[in-house]
Amino acid sequence: MEISESITSPTLNRYPLIEVSQLTKRFDTVTAVDGINFTVFQGELFGFLGPNGAGKTTTINMLTGLARPDLGTITIGGLDCKRNPKVAQHLIGVVPDESNLYPELTGFDNLCFCASLYGLPKSDRQTRAWQLLELFDLKEAADRKFAAYSKGMKRKLTIAAGIIHHPQILFLDEPTTGIDVSSARQIRRLIAELHRAGTTIFLTTHYIEEAERLCERIAFIVHGRIVKIDTVANLLQPVQERKVMLISLSNSSNDLCGKLSTNFPQFEFQAVSAEQIRVESVETINIGPLVRFVEEQGAEVTEARRVRPSLEEVFVRVTGIELNLMRKEKEKGGGNL
Amino acid sequence: MKPWIAFWNIMLKDMRAYYLKPPNISWGLIFPIAWTGMFFIRSGSGLDSILTLLPGVIAISILFGTTSLLAVTVTFEKKNRSFERLLLAPIPLELLMLAKTSGAILFGVVNAFVPIVLSLFLTDLSQVAWITLFPAVLLIAIASTFFGLFIAVSVSEVFEAQTFSNFFRFPMIFLCGLFFPIASIPIFLRPLSYLFPLTYGADILHGAIHSGNSMPLWLDFVTITGFCIILFYISLRNIHKRWII
Numbered sequence: 001m002e003i004s005e006s007i008t009s010p011t012l013n014r015y016p017l018i019e020v021s022q023l024t025k026r027f028d029t030v031t032a033v034d035g036i037n038f039t040v041f042q043g044e045l046f047g048f049l050g051p052n053g054a055g056k057t058t059t060i061n062m063l064t065g066l067a068r069p070d071l072g073t074i075t076i077g078g079l080d081c082k083r084n085p086k087v088a089q090h091l092i093g094v095v096p097d098e099s100n101l102y103p104e105l106t107g108f109d110n111l112c113f114c115a116s117l118y119g120l121p122k123s124d125r126q127t128r129a130w131q132l133l134e135l136f137d138l139k140e141a142a143d144r145k146f147a148a149y150s151k152g153m154k155r156k157l158t159i160a161a162g163i164i165h166h167p168q169i170l171f172l173d174e175p176t177t178g179i180d181v182s183s184a185r186q187i188r189r190l191i192a193e194l195h196r197a198g199t200t201i202f203l204t205t206h207y208i209e210e211a212e213r214l215c216e217r218i219a220f221i222v223h224g225r226i227v228k229i230d231t232v233a234n235l236l237q238p239v240q241e242r243k244v245m246l247i248s249l250s251n252s253s254n255d256l257c258g259k260l261s262t263n264f265p266q267f268e269f270q271a272v273s274a275e276q277i278r279v280e281s282v283e284t285i286n287i288g289p290l291v292r293f294v295e296e297q298g299a300e301v302t303e304a305r306r307v308r309p310s311l312e313e314v315f316v317r318v319t320g321i322e323l324n325l326m327r328k329e330k331e332k333g334g335g336n337l
Numbered sequence: 001m002k003p004w005i006a007f008w009n010i011m012l013k014d015m016r017a018y019y020l021k022p023p024n025i026s027w028g029l030i031f032p033i034a035w036t037g038m039f040f041i042r043s044g045s046g047l048d049s050i051l052t053l054l055p056g057v058i059a060i061s062i063l064f065g066t067t068s069l070l071a072v073t074v075t076f077e078k079k080n081r082s083f084e085r086l087l088l089a090p091i092p093l094e095l096l097m098l099a100k101t102s103g104a105i106l107f108g109v110v111n112a113f114v115p116i117v118l119s120l121f122l123t124d125l126s127q128v129a130w131i132t133l134f135p136a137v138l139l140i141a142i143a144s145t146f147f148g149l150f151i152a153v154s155v156s157e158v159f160e161a162q163t164f165s166n167f168f169r170f171p172m173i174f175l176c177g178l179f180f181p182i183a184s185i186p187i188f189l190r191p192l193s194y195l196f197p198l199t200y201g202a203d204i205l206h207g208a209i210h211s212g213n214s215m216p217l218w219l220d221f222v223t224i225t226g227f228c229i230i231l232f233y234i235s236l237r238n239i240h241k242r243w244i245i
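Chains as they are written, first to last, in the numbering used here: chain S, 1 to 337; chain B, 1 to 245.
Derived by calculation from the structure, the hints in this document are not laboratory data.
Built from N, CA and C at the ideal position, the CB exists for glycine as well.
Some hints could be false.
If you want the ones that stay clear, here's a sample from chain S, every Cβ over 10 Å from chain B, calculated [what the hints assert, rightly or not]:
hint: 1; residue: T39
hint: 2; residue: G43
hint: 3; residue: H166
Computed footprint of chain B on chain S, listed as stretches where at least three residues anywhere in the stretch have a Cβ under 8 Å from a Cβ of chain B [stated by the list, open to error]:
hint: 4; stretch: 61-74
hint: 5; stretch: 84-94
hint: 6; stretch: 99-105
hint: 7; stretch: 116-127
All chains should be modelled from the sequences, with the hints used to inform the complete structure.
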């Protein structure tokens, strides 16, 4: 399936910084990434959204030189990275899905060491390390060994290490997975600040709300294939034209959804759980007749509220992946916004 | 970009994080002392035998010091993914691996001088050809370190690194002419002796310390240098093949 990219407002007047064409990676018989194409523009915050195992990390590894593509081309900053992955590494910063700094070094030493890998002189390394420790609220832990940091602190220091050399492009692989709510919020705020400061960000996540809140454009990747790329506004447009209500019930009967569908054919009904029904329509939903009908069936309406259609709806429609699968992944931690 | 800044800091970081830790310093000191004492007592030939034992003790101290630490540290960093950070740095892989091994090479050189310093108190070393001994020590340290690197990139787990390195190290003690001449090894085992870089390093040390070399020194130098180059490039190829998949 050919997926065309929408080049709308967020990408106007910007030049392409990452260009990927027909990128493919196979591991034995498994095709982890299957001929994907996309472009990330200078200053853009580009989201790569998909469930675990969709090919997000493999794509990042190929873009950053940690994995070799089997097919396709990668151009970063106009440089051919498939031929020589090292050629563009000075332009990029990488924050992997797991914190990978040195446990035996302090926070400050870790940052100074990472800066040295990019050739920063000693005085610049130290100044920059203190700046970032302050920015990430880690100054008090500067002399503590990385091994003694909490998960949230480790992730923050790993992000700081990723931007120590002022990269033009920052690759963030699942930056808020598995950390506490407060640290996740702080990290999202820092990502937004970096973006405002002009850093091009390639963000992979399986948290839909995170992608919706942060990203300008999003690619949905499922089973190694990009199934949709567009701006968040464009992705949301089809679902925003629809009205959605969530009705909470008690004493609900099993076939209530079916009866509602027969009696109100202008609406679409879906049983979200034993106590909740979702009503969807292109028209305005008049709640009075619905409530009366439900109560005639012996159930009691405890709440009825309008739901703002979210990117989650779009993701489910486009990918066919069940909402509960994404929710299960979210429950692993860090998903609260 | 100044690659030497990265080179220097990778080496310093490894020295601080691994080689200058008290357990490793004590390993570097106790191990050569133990070997010296063991062979000295076992030979029972008095202080005169120190000169003939010294090349073997120097070589074995370098071999065990470098391979043990490098194989474990590289495997450990690969396992906890901090090695990826180095692979993401904009420096050539060759320079990166030279930086990664330079700390171990220095550690090996320092290890070599523990038995030499001890010997100074026990015997006269005035006949030692230091100008031959110094480059020999350096080359043995380089070859042993690259051998450790070869092992580190061939395994996935830290314990495998130790087991796999012992698979080579212990035969090397007996086959490389460290404590008895290769001529006294059973003839069917002798070809194996010439497959190990330590054979050539030990031969130079025998020549430098008591003029006891069995091969021309130039041949020893050329061969051990060749081993260093081959081991380094096999390791680089394995990193490309196994770690940048």
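Please write out, lowest number first, the hints stated earlier that are contradicted by the structure. none
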